[in-house]
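S.K.: Residue numbers (the working numbering), protein chains in the order written: chain U, 639 to 750; chain W, 155 to 270.
Read the hints as simulated data drawn from the structure, not as lab findings. Fair warning: there could be bad hints in the mix.
As the list claims (entries may be wrong) - Short, incomplete list of chain W residues facing chain U, as computed with Cβ under 10 Å: (1) Val158; (2) Arg198; (3) Tyr202; (4) Asp227; (5) Phe261; (6) Val269.
To be verified - Chain U stretches covered by chain W per the calculated footprint, using a threshold of three residues with CB under 8 Å from any CB of chain W: (7) 680-693; (8) 739-750.
To be verified - Over 10 Å on every C-beta distance to chain W, these chain U residues come out as not near it, computed from the model: (9) Thr658; (10) Tyr660; (11) Lys697.
By construction, the Cβ of each residue, glycine as well, lies at the ideal position given by its N, Cα and C atoms.
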Amino acid sequence: GQQVMQIPQYQHVQEGEDFTTYCNSSTTLSNIQWYKQRPGGHPVFLIQLVKSGEVKKQKRLTFQFGEAKKNSSLHITATQTTDVGTYFCDGGYGGATNKLIFGTGTLLAVQP
Amino acid sequence: NAGVTQTPKFQVLKTGQSMTLQCAQDMNHEYMSWYRQDPGMGLRLIHYSVGAGITDQGEVPNGYNVSRSTTEDFPLRLLSAAPSQTSVYFCASSYYGAGGGNSPLHFGNGTRLTVT
Numbered sequence: 639g640q641q642v643m644q645i646p647q648y649q650h651v652q653e654g655e656d657f658t659t660y661c662n663s664s665t666t667l668s669n670i671q672w673y674k675q676r677p678g679g680h681p682v683f684l685i686q687l688v689k690s691g692e693v694k695k696q697k698r699l700t701f702q703f704g705e706a707k708k709n710s711s712l713h714i715t716a717t718q719t720t721d722v723g724t725y726f727c728d729g730g731y732g733g734a735t736n737k738l739i740f741g742t743g744t745l746l747a748v749q750p
Numbered sequence: 155n156a157g158v159t160q161t162p163k164f165q166v167l168k169t170g171q172s173m174t175l176q177c178a179q180d181m182n183h184e185y186m187s188w189y190r191q192d193p194g195m196g197l198r199l200i201h202y203s204v205g206a207g208i209t210d211q212g213e214v215p216n217g218y219n220v221s222r223s224t225t226e227d228f229p230l231r232l233l234s235a236a237p238s239q240t241s242v243y244f245c246a247s248s249y250y251g252a253g254g255g256n257s258p259l260h261f262g263n264g265t266r267l268t269v270t
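Bound conformation, chain U alone (with noise of 0.2 Å):
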């Protein structure tokens, strides 16, 4: 079946540093999604990646879908103590399934 990865499921850094987390799937997706989640909240939307090779951004953070639409990433350029939480990438399947499965997630801890 379908899976998505997701490296790495922790990651410390001090305030002002880059971060980077990578979603892989084992299958073509048709879309993915980016979605943050703080500590005891709810995952909450970020962002959609449609086309191969598109990048959008959104002030710090830049998001990437690699170009056989298996890979993405997510990088927040100096973080700040706000971006604290789990990053989840959400791989859509589209066709008769149309099941939406999650990475395990990024963990991100900012020291500041």
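Got chain U; can you put chain W on it based on the hints?
M.R.: Same frame as chain U, now just chain W:
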């Protein structure tokens, strides 16, 4: 709009008891789903629905039932609670595009379930 509403927020059950977690959305979303979240395991899909009267199994469906009699509601039933079902449960919904395209998920605030 209230978005996705889950009840209850907290629940403690004894092994063998049954209960229903409620989920309602007021955004006219066709797609609804249930996830469980355990430490280090991410979000695992239990069941999902692409419209009223249609449900399907996700990654971890055993021990859970769902039904979708209306567009708005998607309750999750635990048939006979077990300690392994101790988890945080999230309901989520989204538009369901023609041809199977997905829109971003809107999550409820979650239900924290403990089974003793």
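S.K.: Hint by hint, note whether the structure agrees.
M.R.: Against the structure, the hints:
no. : hint    : in the structure
1   : Val158  : 9 Å, holds
2   : Arg198  : 7 Å, holds
3   : Tyr202  : 7 Å, holds
4   : Asp227  : 19 Å, violated
5   : Phe261  : 4 Å, holds
6   : Val269  : 21 Å, violated
7   : 680-693 : holds (count 5)
8   : 739-750 : holds (count 5)
9   : Thr658  : 18 Å, holds
10  : Tyr660  : 14 Å, holds
11  : Lys697  : 18 Å, holds
In the structure shown, a violation is registered for the earlier hints numbered 4 and 6, in ascending order.
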